[in-house]
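Enquirer: Each chain is listed here by its residues.
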Amino acid sequence: MLLDTIKKELAAVALSTEEEVSAEDLAATETPETVERAEGEAPAEAPEGKEEEKPRPPIMETDYRAKGFHLDVQVAPDKVVEAAKILYKENFFIEAVTGVDWLKEEEFEVVYDYNNMAELCRVVVRTRVPRSTPQLPTISEVYAGANWHERETHDFFGIEFMGHPDLSPLLLPEDADFHPLLKDYTP
Amino acid sequence: MSEFALSQTQETFVMNLGPQHPATHGVLRVKLTMDGEYVVRAEPVLGYIHRMHEKMGENRTWAKFLPNTGRMDYLHALAYNHGHVMAVERAAGIEVPERAEYLRVITTELNRISSHLLWFGAFVLDLGGFTPLLYAFDDREQILDLLEGVTGSRLTYCYYRFGGVYNDVEDDFLVGTKAFISRLRSRLPMYHGLVTKNIILIKRLKDIGPIPPDMVTRYGATGPVARGSGFNFDLRKNEPYSVYPEFDFDIPVYTECDSMARYMVRMDEMEQSMRIIEQAIDKLPEGPVKAKKVPKTLKPPAGDYYCAVEAARGSFGVRIVSDGTNTPYRLKLRSPTYSNLSLFEEASEGMLLADALALMGSLDLVIPEIDR
Numbered sequence: 022m023l024l025d026t027i028k029k030e031l032a033a034v035a036l037s038t039e040e041e042v043s044a045e046d047l048a049a050t051e052t053p054e055t056v057e058r059a060e061g062e063a064p065a066e067a068p069e070g071k072e073e074e075k076p077r078p079p080i081m082e083t084d085y086r087a088k089g090f091h092l093d094v095q096v097a098p099d100k101v102v103e104a105a106k107i108l109y110k111e112n113f114f115i116e117a118v119t120g121v122d123w124l125k126e127e128e129f130e131v132v133y134d135y136n137n138m139a140e141l142c143r144v145v146v147r148t149r150v151p152r153s154t155p156q157l158p159t160i161s162e163v164y165a166g167a168n169w170h171e172r173e174t175h176d177f178f179g180i181e182f183m184g185h186p187d188l189s190p191l192l193l194p195e196d197a198d199f200h201p202l203l204k205d206y207t208p
Numbered sequence: 256m257s258e259f260a261l262s263q264t265q266e267t268f269v270m271n272l273g274p275q276h277p278a279t280h281g282v283l284r285v286k287l288t289m290d291g292e293y294v295v296r297a298e299p300v301l302g303y304i305h306r307m308h309e310k311m312g313e314n315r316t317w318a319k320f321l322p323n324t325g326r327m328d329y330l331h332a333l334a335y336n337h338g339h340v341m342a343v344e345r346a347a348g349i350e351v352p353e354r355a356e357y358l359r360v361i362t363t364e365l366n367r368i369s370s371h372l373l374w375f376g377a378f379v380l381d382l383g384g385f386t387p388l389l390y391a392f393d394d395r396e397q398i399l400d401l402l403e404g405v406t407g408s409r410l411t412y413c414y415y416r417f418g419g420v421y422n423d424v425e426d427d428f429l430v431g432t433k434a435f436i437s438r439l440r441s442r443l444p445m446y447h448g449l450v451t452k453n454i455i456l457i458k459r460l461k462d463i464g465p466i467p468p469d470m471v472t473r474y475g476a477t478g479p480v481a482r483g484s485g486f487n488f489d490l491r492k493n494e495p496y497s498v499y500p501e502f503d504f505d506i507p508v509y510t511e512c513d514s515m516a517r518y519m520v521r522m523d524e525m526e527q528s529m530r531i532i533e534q535a536i537d538k539l540p541e542g543p544v545k546a547k548k549v550p551k552t553l554k555p556p557a558g559d560y561y562c563a564v565e566a567a568r569g570s571f572g573v574r575i576v577s578d579g580t581n582t583p584y585r586l587k588l589r590s591p592t593y594s595n596l597s598l599f600e601e602a603s604e605g606m607l608l609a610d611a612l613a614l615m616g617s618l619d620l621v622i623p624e625i626d627r
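Chain order of the listed sequences is A and B. Residue numbering for the first sequence follows our numbering, starting at 22 and increasing by one per position. Residue numbering for the second sequence follows our numbering, starting at 256 and increasing by one per position.
What the hints contain is simulated information worked out from the structure, not anything from laboratory work. Do not take every clue at face value.
Just so you have them, the derived chain A footprint on chain B, three or more residues with Cβ under 8 Å [as the list claims (entries may be wrong)]: (1) 303-316; (2) 487-501; (3) 558-564; (4) 575-586; (5) 590-604.
Note that CB positions come from ideal geometry on N, CA and C, so glycine has one too.
Same shape as in the complex, but just chain A (with noise of 0.2 Å):
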C-alpha cells in the first residue's frame, strides 16, 4: 500500500519526539510494525496517554472518513524540503501550500496538501515557525507548482519562504505592505 510505503519513508523526516505514541493513533494503524512505535518509548506506557493531554505523535494515521486526509506529518521547517522530494519521488502532487496564522502560541503553521493520482492518499505535511521569524525553505525547486502557492502564502501571512525566485505580491496590489490574514491585522 502507498500510504503504508509513505508513512515509512516520511518517518525520517517527521519530528522526532520524546512523547510516546498516543492510544489513539496505535488503535489507527494496523500493521503492528509501525515506524513511530520504533521510534517512540516502550509501547506499554501508552494507556496512560489516554488519561492526561498529550501532544499529537509527528507522524499520524488519520481518521479518513472524519478527517479527509490520511497521514499527517509534523515536520521541522528545515525539513519541508526533504519532504517534498520524498513525496515527489512517490509521484504524489502538490495541492495546496497555505498558512494558519496561531496568535496565542506566537506561531505559524505552514501546512502542505499532497495527493496522489495513482491511488488515492492525501498526506498533509505541517511545520511551525515562530511569528517573529517567519523562514522556511522554499519548495519551488522540487515542485514548480509551490512557486505561486509559497508566493500567495506570503502575500496573506508574510511568511518568507528562502530561497524563492519572487516574493513580490500575487494576489495584493504590488505595493501591498500588509498581510491581511494575520489574526492581528485590521485594515
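Assemble chain B onto chain A, guided by the hints.
Expert: Chain B in isolation, oriented as in the chain A frame:
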C-alpha cells in the same frame, strides 16, 4: 527554453495581454516577453479581481459564507457550493438525506455541462470561430432556465445547505432535464461535425501546447488538464463522494497531452455527465431533502478538515481549521485553475503567440476563481 527561443537574437520586447482582452476571459494580465511572434516568457499577473474570500470566511458564520462560494467559479458554482457544504458537514458530522445527495448530483452535473458548453463556445471563439459560440449559448440557456427554476438564480447559485438542499424539485424540472438531455444528445454530433472534425480546428490544436505528465505532477494540475495528459484522475471516481459510486460512468482520458486532448476530454465529459443525470433521475429516491436537527448555530469541533470535489476545472478543495466557535478559524480554498494556470509560463515558452492563446484557452480559465 526551446531551441528556437535560444537561437534567436536577444532583441525582445514586452507586450501586455490583458487585463482586458477577449482571449483572457476576464481580468487576467499576461506580461509577454516576445521575440517577434514567439513567446520568450509569459508571466501571468494575477490579482485584478482578488476579493480575499478566505478573510471573508473568517469574519462570518459557516452558513453566511455559502453565497461566497458561488462567486468564485461562477461557471460551475454548484461544485463550489458542494465543496463547502461537504467540508462543513464532515467537520460537524451532519448526515445528508439520500434524495438531497441525488439532487446535488443532478444539479452539479447540469452545471458542469453548462460550464463546458460555455468553455466550448469561448474556446472556439479564441481560435477565430464565432458561430459555435451562438450554438453553445443556445444550449446553455436551457440549463440556466432549468437551474433557475430550482435554485432561483441563473449564475451564482447558492442552492445547497448544510445537511441537504434548499428546496425540493418539481416534476417539471425532471421532465425538462430529460428533454434537455435528448436535445443535447442530438446536438453534440453536430458540434463534432461542425467543430471537432474541422480541419482548421485540428490544425490549431493538434500537437499544440504539450503538457507532459511530469509537468502535471510538478504543478499539481488537475481536472481535464491532467486527464488530457494521460492521468486517470477524477475525484468522482478516485475519491468517491456524495452518491457518485452508485452511477455507471466513464472518465475520459487522452494521452496525447496536447490542446486537442484537453478539448476532447471536455467534449466527452458532457456525454458522461448526461449519463449520470439520467441514472440519477431514474433512481431518484423519495424522502426529505434536508437533514433534521441541523443546529442554527453550527459549532464544528476544533480541528482541521479537508474536503475536495471535482469541479469542471479540477479538484476544488476546502481546508477548514475550526476552533470550535461559530466562525471558521481558517478557511483555505484550493482552486484548480490557480494550479493549472501556474504551468502556463513553462508550457508556453518558445510558442507562437497564437498557439499560446490556444494553450491558454485549453486550460479553461475562470479568473475570479484564480484570484479568489
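Enquirer: Are the hints correct? Go through all of them and say.
Expert: A quick look at each hint next to the structure:
{"no.": "1", "hint": "303-316", "result": "holds (count 5)"}
{"no.": "2", "hint": "487-501", "result": "holds (count 4)"}
{"no.": "3", "hint": "558-564", "result": "holds (count 6)"}
{"no.": "4", "hint": "575-586", "result": "holds (count 3)"}
{"no.": "5", "hint": "590-604", "result": "holds (count 5)"}
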